[in-house]
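> This is what each chain is made of:
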Amino acid sequence: MKRIRFNQQEIVFAVFALLFLLFSIFLRGFLTPENMLTLLQNVSVLGILGLAMAIVVIGRGIDISLIAALAVPPGLVLQMVQNGHSLPASLLTAALLTIAFGLVNGWLIAYAEVPSLFATLATGLLLAGLGQAALFQLDVVQWSPRMDGFEKLGQGSILGIPTSIWMFAIACIVVAFLLRRTRWGAYIYAIGDNPYAARVTGIPSRPIIVLQYVITALIGCFAGLVMAASVNSMPTRIFNSTLIYDVILVVVLGGIGLSGGRGGVLNVVIGTLVIGTMLNGMTIMDISYAGQNLIKGVVLLLAVITDSFLNPRNEETAQQGDI
Amino acid sequence: MKHFGATKTLAAALSLAAMTAPALAQQGLDEPFQKPFKDALAGKTVAYVPVAMNFDLTEGWYAGLKKELEPFGVKFVIRDANWNTNAGAQAVTSLISEKPAVMVVHNPDVQTYAKLLQRAENEGIYVIQINMGSAYRSSAFVGANWVEIGERQTEGVVKACEGKSNKIAIIQGALSAAASAYTLKGVENVLAKHPEIKVVSSQAADWDAAKAKAITQTVLKQNPDLCGIVGFWDGMDIGTAAAVKEAGLTGKVFVATSGGGERKGACELVKSGAFDLNMSYDVPTQAAQMAGTIKWLLSSGVKPGSVKGSEYTTLIPITKENADSQMACWNLSDLKK
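Protein chains in written order, with my numbering: chain A, 1 to 323; chain B, 1 to 337.
Calculated from the structure, these hints are not laboratory results.
Warning: the hint list may mix true and false statements.
Label pairs and their calculated CB-CB ranges [said to hold, decoys possible]:
no.: 1; chain 1: A; residue 1: A133; chain 2: B; residue 2: V110; range: 36 to 44 angstroms
no.: 2; chain 1: A; residue 1: L96; chain 2: B; residue 2: A192; range: 53 to 61 angstroms
no.: 3; chain 1: A; residue 1: A133; chain 2: B; residue 2: A42; range: 29 to 37 angstroms
no.: 4; chain 1: B; residue 1: K67; chain 2: A; residue 2: N240; range: 25 to 33 angstroms
no.: 5; chain 1: B; residue 1: A192; chain 2: A; residue 2: A17; range: 15 to 23 angstroms
no.: 6; chain 1: A; residue 1: I295; chain 2: B; residue 2: K185; range: 38 to 46 angstroms
no.: 7; chain 1: A; residue 1: D286; chain 2: B; residue 2: K99; range: 45 to 53 angstroms
no.: 8; chain 1: B; residue 1: A288; chain 2: A; residue 2: N240; range: 24 to 32 angstroms
no.: 9; chain 1: B; residue 1: K271; chain 2: A; residue 2: A133; range: 28 to 36 angstroms
no.: 10; chain 1: B; residue 1: A135; chain 2: A; residue 2: Y289; range: 22 to 30 angstroms
no.: 11; chain 1: B; residue 1: Y312; chain 2: A; residue 2: Q137; range: 27 to 35 angstroms
no.: 12; chain 1: B; residue 1: K271; chain 2: A; residue 2: D286; range: 26 to 34 angstroms
no.: 13; chain 1: B; residue 1: K271; chain 2: A; residue 2: S86; range: 23 to 31 angstroms
For glycine and all other residues, C-beta sits at the position ideal for the given N, C-alpha and C.
Full structure from sequences and hints, please.
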């Protein structure tokens, strides 16, 4: 007898559809074009971060230092412009810092063979500490008038659609192209699925791992620039927040297994939509902060439980490195 | 007295000599109290425990205190809790055994340090609490009255709402922070007197500008006729203001907030129209008051914990009218000079 099997992605999509339907029927002002755009706009930075995280997770790694890459290089741009440097020079410096940071991460993981969780935990602290101790005067780096024009990256709209949504869309296309249309993307999947087999078949796995972390850091920096432009400042203390858990949540909820080798951009988009819909609906309902956390927790638990109920794990389905 | 007598004799002798050399008659008179004051301060240690360094308030207090006290030979130690309540409690505990003369403490909440601060004063350390008091009242509390801040911000918003929709939103800080809860009490006090005002949203944004922006955007889409927003901290309400600006409602939605009055974070943003009212607790004045209190306590020699008092800050409402003035705001870089 053939059983109908759903995977996590489909379950989460069903949860999203159900939530969306319920909110549309019962919540006045939810299903309006303006609110839909707001919903997307509010989670676009989270979505971009999700894409960055997806790349390393597919390659069977994790990047806890992503929020440091989001906070420090863009913070440096704002600080340098404030101190009188030109915008292009500041952007270039930040990009170089980000690439150097990605290289350090990648080298530690690919060549020194430190587990990605510990390596990025340490480097993230290092970069955030460097920012706090040496680069920034204050935790919140303010926008300076000399950067006017650049805020269009995160504010205003093009063809009626807020720019941060465009940025998310562009990031989606770039990452999808990288993962599905290039040889490097195929290598990332191969390494994530089975790193030993990948190496045996002649894939340059170490350089590809380094590349993953460099790209992830660069996307993280891009997300940071969008965020800074959107709120007219860079609150670098965001490194201490729980944002990294939200990012991992988006990735895992969307159905990209932490064991690597599976999933893609669509999963990140679905994960982002679920989080966005929940946040937006609860804000409209003016649910208290504690209540929001409770509901978020319950919905996520339900999604995870349903998954393990419908797709039980055993020796056959479990992969090495599965968390 | 002996010293004084000698001076007198000398003065008399000199007045005789003055007949021939008038310039010598201008000999000074020693002020008897300044030396004990100097002795009381020289070499003393002041320990400073902020919830975190690197933001305008704590950097400003530190710079202000240093400027006032270091010339008298006072030494400073910082124990940066870096947003970690446990680390802060440990810092206070180890300071008690290190016995500085004074501890300047910025509480993360009402309870955590309360017992420790009491112990410190029993051990002979003066404790000054800044901006966020604990349940224990020590030698001095210097800081803002959060309830008053909430009241005055809300009064501003209510006034701006006259003849409009009367719909307002509240963007709170972190739920666990007492400063946020006290401010909310102030908001409630005023709203109780104005039943016509309808609160369409009251949510916590965790002192996070991005969250504040997200909440404000959603609220504005649902209530485009909103007439005012009460925000709880200017560092977070940059996001609130960005949402208002993006919705094209700057000037139509009255944004009230509060903060330490640093020029970039307060006056510049009021001038640009992002904020309509910023209740400032003027950090340099608070630092000067703390320094004054430390001078008084050290020179008085009173037993720590035997006198207790409060110095609530006189708030400066920053609006378009005074945002240009030199006095309304301060620069961290200038304070550090």
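> Take a look at whether the Cβ-Cβ distance between A:L96 and B:A192 falls inside 53 to 61 angstroms.
This hint holds: roughly 56 angstroms between Cβ atoms.
> Are B:A192 and A:A17 spaced within 15 to 23 angstroms by their CB atoms?
Taking Cβ atoms as reference, B:A192 and A:A17 lie about 43 angstroms apart, which means the hint is violated.
> Return holds or violated for the Cβ distance of B:Y312 and A:Q137 against the range 27 to 35 angstroms.
Given range 27 to 35 angstroms: holds, Cβ gap about 29 angstroms.
> Between the beta carbons of B:A135 and A:Y289, is the distance compatible with 22 to 30 angstroms?
Roughly 24 angstroms apart at Cβ, these two residues keep to the hinted range, so it holds.
> May I ask you to test the hint 29 to 37 angstroms on the CB atoms belonging to A:A133 and B:A42?
Since the Cβ atoms of A:A133 and B:A42 sit about 31 angstroms apart, the hinted range of 29 to 37 angstroms holds.
> Looking only at beta-carbon atoms, does the pair B:K67, A:N240 fall within the given range of 25 to 33 angstroms?
Given range 25 to 33 angstroms: holds, Cβ gap about 29 angstroms.
> Lying within 45 to 53 angstroms: is that true of the beta-carbon distance A:D286 to B:K99?
holds, 51 angstroms
> Go ahead and decide if the range 28 to 36 angstroms is satisfied by the Cβ distance of B:K271 to A:A133.
The hint (28 to 36 angstroms, Cβ to Cβ) holds, given that B:K271 and A:A133 are roughly 32 angstroms apart.
> Take the C-beta atom of B:K271 and the C-beta atom of A:S86, compute their distance, and say whether it sits inside 23 to 31 angstroms.
holds, 25 angstroms
> Can you let me know if the beta-carbon spacing of A:A133 and B:V110 is within 36 to 44 angstroms?
At roughly 31 angstroms between Cβ atoms, B:V110 and A:A133 fall outside 36 to 44 angstroms, so the hint is violated.
> Could you tell me whether the CB distance from B:A288 to A:N240 stays inside 24 to 32 angstroms?
At 31 angstroms between Cβs, range holds.
> Given the hint of 26 to 34 angstroms, is the C-beta distance from B:K271 to A:D286 inside that range or not?
At roughly 32 angstroms between Cβ atoms, A:D286 and B:K271 fall inside 26 to 34 angstroms, so the hint holds.
Checked against the numbered hints listed earlier, the structure breaks hints 1, 5 and 6; every other hint is satisfied.
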